[in-house]
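S.K.: Sequences and hints are given; from them, build the entire structure.
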Amino acid sequence: MFAYVLRRVLYAIPVLVGVNLVTFALFFFVNTPDDMARMHLGAKRVTPEAIEKWKLERGYDKPMLWNERAEGIDKATDTVFWRKSARLFVLDFGAAEDRRDIGAEIRARMGPSLALALPIFLVGLLVNVTFALGMAFFRASTLDFWGVVACVAMMSISTLFYIIGGQYVASKLWHLVPISGYGEGLSAIRFLVLPVLIGVVSGIGSGSRWYRTLFLEEMSRDYVRTARAKGLAERTVLFRHVLKNAMIPILTGAVAVIPLLFMGSLLTESFFGIPGLGSYTIEAIQSQDFAVVRAMVFIGSGLYIVGLLLTDLSYTLVDPRIRFQ
Amino acid sequence: MSALPVLLWTDVLAWLLVVLVAGYGAYCSRRPHLAAPWWRVFQAPAAMMSAVVLVAFAGIGLLDSVHVRPALEGGKGGHSVEALSMLDLALSGLRTRQEKTYSAPLATRLYQKETVELPGGRQTRDYPRLRHGGAHLADEAQATSDILWRAAAGFATALAMWFVAGVLLKRRLSRRHPDLAWTHAWLALGALLVVAGPVAALSAGGWHVLGTDKVGQDVLFQALKSVRTSLVIGMLTTLVLLPLGVFLGIAAGYFRGWIDDLIQYLYTTLNSIPSVLPIAAAVLMMQVYIDTQPGLFPTAAHRADFRLLLLCVILGLTSWTGLARLLRGEALKLSELEYVQAAHAFGVSHGRILGRHLLPNVAHIVIVALVMDFSSLVLAEAVLSYVGVGVDPSTTSFGTMINSARLEMSRDPVVWWSLAAAFAFMFVLVLAANLFADAVRDGFDPRVRIVARPVGAKA
Numbered sequence: 001m002f003a004y005v006l007r008r009v010l011y012a013i014p015v016l017v018g019v020n021l022v023t024f025a026l027f028f029f030v031n032t033p034d035d036m037a038r039m040h041l042g043a044k045r046v047t048p049e050a051i052e053k054w055k056l057e058r059g060y061d062k063p064m065l066w067n068e069r070a071e072g073i074d075k076a077t078d079t080v081f082w083r084k085s086a087r088l089f090v091l092d093f094g095a096a097e098d099r100r101d102i103g104a105e106i107r108a109r110m111g112p113s114l115a116l117a118l119p120i121f122l123v124g125l126l127v128n129v130t131f132a133l134g135m136a137f138f139r140a141s142t143l144d145f146w147g148v149v150a151c152v153a154m155m156s157i158s159t160l161f162y163i164i165g166g167q168y169v170a171s172k173l174w175h176l177v178p179i180s181g182y183g184e185g186l187s188a189i190r191f192l193v194l195p196v197l198i199g200v201v202s203g204i205g206s207g208s209r210w211y212r213t214l215f216l217e218e219m220s221r222d223y224v225r226t227a228r229a230k231g232l233a234e235r236t237v238l239f240r241h242v243l244k245n246a247m248i249p250i251l252t253g254a255v256a257v258i259p260l261l262f263m264g265s266l267l268t269e270s271f272f273g274i275p276g277l278g279s280y281t282i283e284a285i286q287s288q289d290f291a292v293v294r295a296m297v298f299i300g301s302g303l304y305i306v307g308l309l310l311t312d313l314s315y316t317l318v319d320p321r322i323r324f325q
Numbered sequence: 001m002s003a004l005p006v007l008l009w010t011d012v013l014a015w016l017l018v019v020l021v022a023g024y025g026a027y028c029s030r031r032p033h034l035a036a037p038w039w040r041v042f043q044a045p046a047a048m049m050s051a052v053v054l055v056a057f058a059g060i061g062l063l064d065s066v067h068v069r070p071a072l073e074g075g076k077g078g079h080s081v082e083a084l085s086m087l088d089l090a091l092s093g094l095r096t097r098q099e100k101t102y103s104a105p106l107a108t109r110l111y112q113k114e115t116v117e118l119p120g121g122r123q124t125r126d127y128p129r130l131r132h133g134g135a136h137l138a139d140e141a142q143a144t145s146d147i148l149w150r151a152a153a154g155f156a157t158a159l160a161m162w163f164v165a166g167v168l169l170k171r172r173l174s175r176r177h178p179d180l181a182w183t184h185a186w187l188a189l190g191a192l193l194v195v196a197g198p199v200a201a202l203s204a205g206g207w208h209v210l211g212t213d214k215v216g217q218d219v220l221f222q223a224l225k226s227v228r229t230s231l232v233i234g235m236l237t238t239l240v241l242l243p244l245g246v247f248l249g250i251a252a253g254y255f256r257g258w259i260d261d262l263i264q265y266l267y268t269t270l271n272s273i274p275s276v277l278p279i280a281a282a283v284l285m286m287q288v289y290i291d292t293q294p295g296l297f298p299t300a301a302h303r304a305d306f307r308l309l310l311l312c313v314i315l316g317l318t319s320w321t322g323l324a325r326l327l328r329g330e331a332l333k334l335s336e337l338e339y340v341q342a343a344h345a346f347g348v349s350h351g352r353i354l355g356r357h358l359l360p361n362v363a364h365i366v367i368v369a370l371v372m373d374f375s376s377l378v379l380a381e382a383v384l385s386y387v388g389v390g391v392d393p394s395t396t397s398f399g400t401m402i403n404s405a406r407l408e409m410s411r412d413p414v415v416w417w418s419l420a421a422a423f424a425f426m427f428v429l430v431l432a433a434n435l436f437a438d439a440v441r442d443g444f445d446p447r448v449r450i451v452a453r454p455v456g457a458k459a
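Chains as they are written, first to last, in the working numbering: chain B, 1 to 325; chain P, 1 to 459.
Simulated from the structure, these hints should not be mistaken for lab results.
One or more hints might be untrue.
[Said to hold, decoys possible] With the Cβ distance kept under 7 Å, some of the chain B side facing chain P (calculated, not the full set):
1. Ala150
2. Met154
3. Ser158
4. Tyr168
5. Ser171
6. Ser301
7. Ile305
[Unchecked claim] Below, simulated EDC-like cross-link-like pairs (lysine to aspartate or glutamate); rule was C-alpha separation at most 20 Å, straight line:
8. B:Lys55 to B:Asp35
9. B:Lys172 to P:Asp412
10. B:Lys55 to B:Asp98
11. B:Lys172 to P:Glu140
Because the structure is a prediction, the values reported are computed rather than measured.
Glycine is no exception: its CB is placed at the ideal position from the N, C-alpha and C atoms.
M.R.: Encoded structure:
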């Protein structure tokens, strides 16, 4: 098993290098630091001196890949690529446009992001599995039909509407919770109730429909027929046999998502003013802070790869038929 | 002096897509084994109803995809710098009847108090009458009856058209193909007409059925314009995604070895980048490019159109991975089968095996995946435009509508109609697309055929 994990971890390295190269190419070749400087300094009437100063302040004035003027090892290290892109591997993200350390900012914002994303994930999983089980239990009945119709209808509503509508009804009409904001410690709960609720509700449509398909697939297996033939009650078949087996794809699918919870959710956080990584990313995109976007791309892909690794591992742990190869 | 046609990239590609779909339809109709799944699809009531709705949306979108620069009035020669579409010209009433600012649906007065001069020279703060909405009425008290009369007239016209369509089309079609769900198609058409009839009648009478937005533009007109943006994003993206996904997916599954490793590495890398970020990055980059090359674009419409096209390309480049992974799995399975081995034994070249033996046998997966992708792309557009990395701010889209409506919800009294219009249009479009996609999946799923057999029917 150790060898398997090691090999999977080693496989992650070229992927991360690839991501790094893609982002580097996107951010420094398609769009040169001069363009960035012009964009930030505004308009077209920018003096070359101002651009040079802007680049110098941020360390973009160095050569891209190879510094001819430097000595020894510095030829490779005293470059934009080394300073800005390769340093991401040791989790050195540099500074944002406002001169604040991105690493510190990310550490501070991870908490609120998780406080929002984790409850959405857990409650959502519970709710979706419950709904899906219900529909599977009453399969091919009117209840099942309208359940699926409701799911498709809920899937067809943009997340934006869930958020705007929920905010309007709960905060503006009924004054149940504050519209947006965040608090320290336990006081955060009243800010989090509504976003979590909206996050869960907006996921019900696609989630429960998908799980219903998984349950129905599982229910057409031979062992289910055997269980019924033994004379077990439908309830027992569903909860003791089907649920256990259908949880394999559900849980392994969920495991892939867990690392990405750290990234927070872009929309919910920015609408509710929660100071997490999602709103950080959106702010960076809107203020065109490339250093932050670059850092978030790198972290996001790293977490995605961790998710892939965890999925593979959980498959092998949950399902004894799959061996480490 | 006639109008000068304007060729926008997305227009050309949209019509190209129509030609491709029509060609595919003609190709299928002569081959029973290809047409069979489509017959199954259109036997489902939900599919037929959603198809009618989608065709209506597509009609609006295609009308909006023929652009011209109308000749300037009065002058000799010269064309307007503004590119207008057929839809703009057809709805020029809606487009030009602009108010000062917000007005509620079917209102006769503005939503904001202004200083109004009373007869007699005194000034007072009041809601002024609209320039167009109900302006033909001398007395506002007649507004309700005017609206009701017009709506009733529109409704009656719609009903008449509906019955004519029933007599002329439905009967004939059901006689030719009795097993298709024509009745449901007719019902869906009726629903559309019943909504569209009164709305059209009221709009023609100068009313703003869905109110006006901050700059006084008719919201209904904006919603209709947004349809094109959604369709372009949903459809053109597939033009980019399709060749990449299909070719790389099949090649990975068929050749295996280092090619498979390379392609798998490629899509794992692309997949691992959280999707909004590369799109955001690429759009920001492209914006810089567009800003630094102003000479490339003769009109603002060209620039907005270029950005829309780039958005489609970028979305396509980041979303082919799902299709490729599906096809790789299928190609892995298929290339083990006897008929592919037989082709090898006969010395058929790799290219021919890929094109003639593998591609037709994964086509159903491709079709289902494309149809399923459509609705998620439409939803993605709204989110991206909200984040600010979607379409050009001058392009009307559901995303830009929601984005501006978001601030209106916190106004007091609340301005809800922009959001409601965007919601209603988007909901109907995406719901129809989702239902259609479901029906297509059911029609193409080989397992459905197994279930249809008497044995093992319980599934």
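S.K.: If a hint holds in the structure, say so; if it does not, say that too.
M.R.: Checked hints:
1. Hint on B:Ala150 is violated. Least Cβ distance to chain P is approximately 12 Å, over the 7 Å limit.
2. For the restraint placing B:Met154 at the interface with chain P, the shortest Cβ-Cβ distance is roughly 10 Å, beyond the 7 Å limit, so the hint is violated.
3. This hint holds: B:Ser158 has a C-beta 5 Å from the nearest C-beta of chain P, less than the 7 Å allowed.
4. Look at B:Tyr168: its Cβ gets to within about 5 Å of chain P, closer than 7 Å, so that hint holds up.
5. The closest approach between the C-beta of B:Ser171 and any C-beta of chain P is roughly 10 Å, which is over the 7 Å cut-off, so the hint fails.
6. Hint status for B:Ser301: holds, given a least beta-carbon distance of 4 Å to chain P, under 7 Å.
7. Contact between B:Ile305 and chain P, as hinted, is supported at the beta carbon level, the nearest pair being about 6 Å apart and thus within 7 Å.
8. Under the criterion of a C-alpha separation no larger than 20 Å, the hint pairing B:Lys55 with B:Asp35 is consistent with the structure, at around 11 Å.
9. Our distance criterion of 20 Å between C-alpha atoms is met by B:Lys172 and P:Asp412, whose separation comes to about 10 Å.
10. Proposed proximity of B:Lys55 and B:Asp98 is supported: the alpha carbons are some 15 Å apart, at most 20 Å.
11. Straight-line distance between C-alpha atoms of B:Lys172 and P:Glu140 comes to about 32 Å, which puts the hinted pair past the 20 Å bound.
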